[in-house]
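J.: Below, each chain spelled out in residue letters.
There are 2 protein chains.
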Amino acid sequence: MARTREFNEDQALHQAMLLFWKKGYEATSIPDLLQVMGISRSSLYDTFSDKQTLYIAALEHYKKVSFNRQVILERASSVRTGIQQFFEQHITSAYDTSLPGGCFVTNAATTLESRDEKINELIKTSFLNLEQAFCELLEKGRQSGELDKTTDVKAWSYLLLNLHQSINIMAKADQDQQRAKEMISFVIAGI
Amino acid sequence: MARTREFNEDQALHQAMLLFWKKGYEATSIPDLLQVMGISRSSLYDTFSDKQTLYIAALEHYKKVSFNRQVILERASSVRTGIQQFFEQHITSAYDTSLPGGCFVTNAATTLESRDEKINELIKTSFLNLEQAFCELLEKGRQSGELDKTTDVKAWSYLLLNLHQSINIMAKADQDQQRAKEMISFVIAGI
Numbered sequence: 000m001a002r003t004r005e006f007n008e009d010q011a012l013h014q015a016m017l018l019f020w021k022k023g024y025e026a027t028s029i030p031d032l033l034q035v036m037g038i039s040r041s042s043l044y045d046t047f048s049d050k051q052t053l054y055i056a057a058l059e060h061y062k063k064v065s066f067n068r069q070v071i072l073e074r075a076s077s078v079r080t081g082i083q084q085f086f087e088q089h090i091t092s093a094y095d096t097s098l099p100g101g102c103f104v105t106n107a108a109t110t111l112e113s114r115d116e117k118i119n120e121l122i123k124t125s126f127l128n129l130e131q132a133f134c135e136l137l138e139k140g141r142q143s144g145e146l147d148k149t150t151d152v153k154a155w156s157y158l159l160l161n162l163h164q165s166i167n168i169m170a171k172a173d174q175d176q177q178r179a180k181e182m183i184s185f186v187i188a189g190i
Numbered sequence: 000m001a002r003t004r005e006f007n008e009d010q011a012l013h014q015a016m017l018l019f020w021k022k023g024y025e026a027t028s029i030p031d032l033l034q035v036m037g038i039s040r041s042s043l044y045d046t047f048s049d050k051q052t053l054y055i056a057a058l059e060h061y062k063k064v065s066f067n068r069q070v071i072l073e074r075a076s077s078v079r080t081g082i083q084q085f086f087e088q089h090i091t092s093a094y095d096t097s098l099p100g101g102c103f104v105t106n107a108a109t110t111l112e113s114r115d116e117k118i119n120e121l122i123k124t125s126f127l128n129l130e131q132a133f134c135e136l137l138e139k140g141r142q143s144g145e146l147d148k149t150t151d152v153k154a155w156s157y158l159l160l161n162l163h164q165s166i167n168i169m170a171k172a173d174q175d176q177q178r179a180k181e182m183i184s185f186v187i188a189g190i
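Order-wise, the sequence lines are chains U and W.
Going by numbering that gives the first Met the number 0, the first sequence opens with residue 0, and the numbers climb by one from there.
Going by numbering that gives the first Met the number 0, the second sequence opens with residue 0, and the numbers climb by one from there.
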């Protein structure tokens, strides 16, 4: 029989995710977490062991609940349309002021002071997966003849991954998402 | 006569900068600051008013003491060489593990929870200045004939500014600066 908890673990984790996303790992204190999660200190430690384990669970929860944009790339029938649609979603979400701001994983990469191996691996894997998704779509386009046979698929994938990160940063500094959209069209025209 | 202080303001500010750079604004506490700055609480408040004012002073100090890479762009005799050299310096510094990691201004943009107007302005101006420097160099190249007359100078400047940000993020997730260097060569070849 599953152990009964006095709180909804998923809801509590969701609140923890929002707080970590907003404040970053270092600036989020245990009392802050207890407050937003609405649980007792002993419940937190019983369920999530410690702050770092909770943070990793929050990152994993984020990847689960956030709209999985990579599906757009996987299901795209054309390279250019797929990349365009992927970035449209990404830009809209990065500039959405009702969300904590930017991608939680990108923020995690920047705000992390301690180079914890487990968290680092989670971030690296997340970046690698996205690069891989770009790579597969571009390769499909190269095979189908949509792209030139000489297209440097690896170079373009890494560049697109970089733009995915930079849009998160730019969204924090200015509110002009039009320029980000124009940049993506400009880049796609060059592939 | 200048007011005599019992501490070296520049040295104290430098230490504050390193700590803010490493930990971000929110996670840096006043006791942490007092410790690295080696000054008393009253000295801190007398000289820097409050944490936010100190943070702004630290950002300005950073811009002053960090090697001014924009000079490379301003003095470049060729667009491609200028951009290449600028990014070589930037990548070396972003991947330098002896520094807190990444650009302090990019980190500031990401880690900032409160959207303070003054700090926002400082970050925006810093981004704008760099974009402007790219723009001027590209325009010079367009005028001199190094670049094609149809080169979209504005689009390229914004793209290069984005890559400046993304390299900071990527440097935190992987240790392979070679890929960043290859990306820049790839992009320059397309201008």
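Everything labelled a hint here was simulated from the structure, so no lab data went into it.
There may be inaccurate statements among the hints.
You can't tell identical chains apart in this list, so a pair holds if it fits in one copy or across any two.
[Said to hold, decoys possible] Straight line, CA to CA, 30 Å or less: simulated DSS-like cross-link-like pairs of lysine-lysine: (1) Lys50 x Lys153; (2) Lys117 x Lys180; (3) Lys139 x Lys21; (4) Lys50 x Lys180; (5) Lys117 x Lys50; (6) Lys123 x Lys180; (7) Lys148 x Lys63; (8) Lys62 x Lys117; (9) Lys148 x Lys50; (10) Lys62 x Lys148; (11) Lys62 x Lys22; (12) Lys117 x Lys153; (13) Lys148 x Lys117; (14) Lys117 x Lys139; (15) Lys22 x Lys153; (16) Lys50 x Lys139; (17) Lys22 x Lys148; (18) Lys22 x Lys139; (19) Lys21 x Lys148.
Keep in mind it's a predicted model, so treat the numbers as computed, not measured.
J.: None of the hints should be skipped; say for each whether it holds.
T.: Evaluation of the provided hints:
| no. | hint | verdict |
| --- | --- | --- |
| 1 | Lys50 x Lys153 | neither (37 Å within a copy, 45 Å between copies) |
| 2 | Lys117 x Lys180 | between (34 Å within a copy, 27 Å between copies) |
| 3 | Lys139 x Lys21 | neither (37 Å within a copy, 42 Å between copies) |
| 4 | Lys50 x Lys180 | neither (37 Å within a copy, 36 Å between copies) |
| 5 | Lys117 x Lys50 | within (13 Å within a copy, 32 Å between copies) |
| 6 | Lys123 x Lys180 | both (26 Å within a copy, 19 Å between copies) |
| 7 | Lys148 x Lys63 | neither (36 Å within a copy, 47 Å between copies) |
| 8 | Lys62 x Lys117 | within (16 Å within a copy, 33 Å between copies) |
| 9 | Lys148 x Lys50 | neither (49 Å within a copy, 56 Å between copies) |
| 10 | Lys62 x Lys148 | neither (34 Å within a copy, 45 Å between copies) |
| 11 | Lys62 x Lys22 | both (18 Å within a copy, 25 Å between copies) |
| 12 | Lys117 x Lys153 | within (26 Å within a copy, 40 Å between copies) |
| 13 | Lys148 x Lys117 | neither (39 Å within a copy, 50 Å between copies) |
| 14 | Lys117 x Lys139 | neither (33 Å within a copy, 47 Å between copies) |
| 15 | Lys22 x Lys153 | neither (34 Å within a copy, 34 Å between copies) |
| 16 | Lys50 x Lys139 | neither (42 Å within a copy, 53 Å between copies) |
| 17 | Lys22 x Lys148 | neither (45 Å within a copy, 46 Å between copies) |
| 18 | Lys22 x Lys139 | neither (39 Å within a copy, 42 Å between copies) |
| 19 | Lys21 x Lys148 | neither (43 Å within a copy, 45 Å between copies) |
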